[in-house]
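Chains A and B are the protein sequences, given in the same order.
Its first residue numbered 6, the first sequence is counted upward by one per residue in the working numbering.
Its first residue numbered 2, the second sequence is counted upward by one per residue in the working numbering.
These aren't lab readings, by the way, just hints derived from the structure by calculation.
Check before you lean on any hint, since a few could be wrong.
What the hints assert, rightly or not - Straight-line Cα separation of at most 30 Å, DSBU-like style, residue types lysine-lysine; simulated pairs:
#	chain 1	residue 1	chain 2	residue 2
1	A	K71	B	K27
2	B	K353	A	K128
3	B	K107	A	K56
4	A	K40	B	K353
5	B	K107	A	K40
6	A	K134	B	K107
7	B	K353	A	K115
8	A	K71	B	K345
9	A	K8	B	K345
10	B	K40	A	K8
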Amino acid sequence: MFKLGLWEKALENYELLLTDDVVGEIQYYEDDEGKQRPIDLEPWMKKGNPKVVSVLPSQVSGFVDKFDRTYYERFDKGELTTLTRFYGSQEECLIVSTDSIVYKAIGRLKMGERGISLEELFKDIGFTKRLDWPFTEGYRRHYTDLGTQDFIRNFKARS
Amino acid sequence: MSIGQRLGEAREGLNLTLKQVEDQSKIGISSLSDFENDKREPSVTQLQHLADLYRKPIAYFLDESFVESREAVLWRNKPASPQCELLEAEFRQLARQYHNLESWTKSRPVNSFKNLFVNEPIQSYPEAGKLAERVIREMGLGDYPGAVLYKTLEEVYDVKIFHMDLGGDGTSSACFYDDNYGAVIILNTAHKKWRRNFDLAHELFHLLIWKIRNHSANQCLEGDQEEKFSQHFAGCLLMPAARVKECTESAKDHEGKVSFEKLDDIANLFDVSLDALIWRLKNIYHFTSAEAGEMAGESAFFKRPRKDEEPIYYPDRYIALAKEALRMGEISIGRYLDYLKFIKPTRKDAEKVLSAHVPEPIQVPSDSL
């Protein structure tokens, strides 16, 4: 979003929720020349968007232990805390990622309709240029469907 | 066990003090102490940081059902503590990661290493030599086993072979066998290719007798009987007698002698050092130890540069499985980068892996439930 200059526009249209583990990972973006540009979210966080939440290890294990213990090894901390928060969220929210496993996980959780790709998000704010595969709606649908297939397979195995 | 207890256990397992952990992690001693005494929960970021320091997966601290391999690592010249504990932790982590990738991509080896285990103890040099002949036959290694041993072990028998910097002070290699991870070998990046090849064959012997060997000591010293047999086995495996004799006979001059230059060519052919070849010739031609020692001494003055090969940190198969797991949606980008941390791929590299293969749309049956 920073690279495409869409960050501020996205914040005008959406309320963004980030875990503090994800915030810790956002330090820079690469411009078109491959140069690293620092990102400082502090000014926007002070205004309340994005909102930052903490997720404790005990909350993570509460979520993971219910579904798939291999998630500990498959996800890094940013996705793990995001998914934990997303699953336990009372609010109506969507999850966005370029990580195939995130969409697969929400497919497995039968929450596929709550995923959104960057392509769909950008369309909402008037940006329609072609994006690489991991940012597209097709990518999101593909991996969500793979997760849904897993859910169906496991359901049939249990019944 | 609580998170705190596991943190304490992991730290003590590496013989680290709280002060040392504070210096390396930048987490204060009082916080570390609170975490270990379960007075406070670390953040997930702090927990991951400590997990990385202790060479443990985060699952070790959060998943009560997590079971770690307890098999002792067998060292050839064990490094001193705490280097030894750190290397072993790193070694186990790599083995576990490799195993995870195989599991997530549902990849199965062509042949199981279990089929190669020896059931009767090896009690003499001729028996070690016969074992080498059997292995050459069963694995189909051909006349020049050194050229194909690495690939055969890795791709056909699922032996996990890694290279690490074990230092230049004599630690050559290590191995262990675990019922979940299979056979695992670590070779020293500080050594030349032909030395690593010999170490590989040497570790193979230890693994073949794993189920019947005495595990009371976790290192093999030079004078030990098992160590002598493994050296003999390695020589016989890499330099099959008939082929070596054929090469040596055809290299003889009109006086029936073979120059060091020609011997070095033969050593190169079998992917071993000149020294290793001389000791093999001792067995084949029945020289005395004194004669072989004299030859080896003279050969030390014969130096000819040989092309070395940079060791690959991660096996090709490991990298391929990591990419496959990413494409299948079985591992996150962050974890993928972690699994390949020593070759430092970037997020962009990972996205290229994902973009390289745009799959066909999937049909999810609507009436399936």
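Tested hints:
no.: 1; hint: A:K71 x B:K27; result: 33 Å, violated
no.: 2; hint: B:K353 x A:K128; result: 23 Å, holds
no.: 3; hint: B:K107 x A:K56; result: 40 Å, violated
no.: 4; hint: A:K40 x B:K353; result: 18 Å, holds
no.: 5; hint: B:K107 x A:K40; result: 39 Å, violated
no.: 6; hint: A:K134 x B:K107; result: 37 Å, violated
no.: 7; hint: B:K353 x A:K115; result: 28 Å, holds
no.: 8; hint: A:K71 x B:K345; result: 33 Å, violated
no.: 9; hint: A:K8 x B:K345; result: 23 Å, holds
no.: 10; hint: B:K40 x A:K8; result: 43 Å, violated
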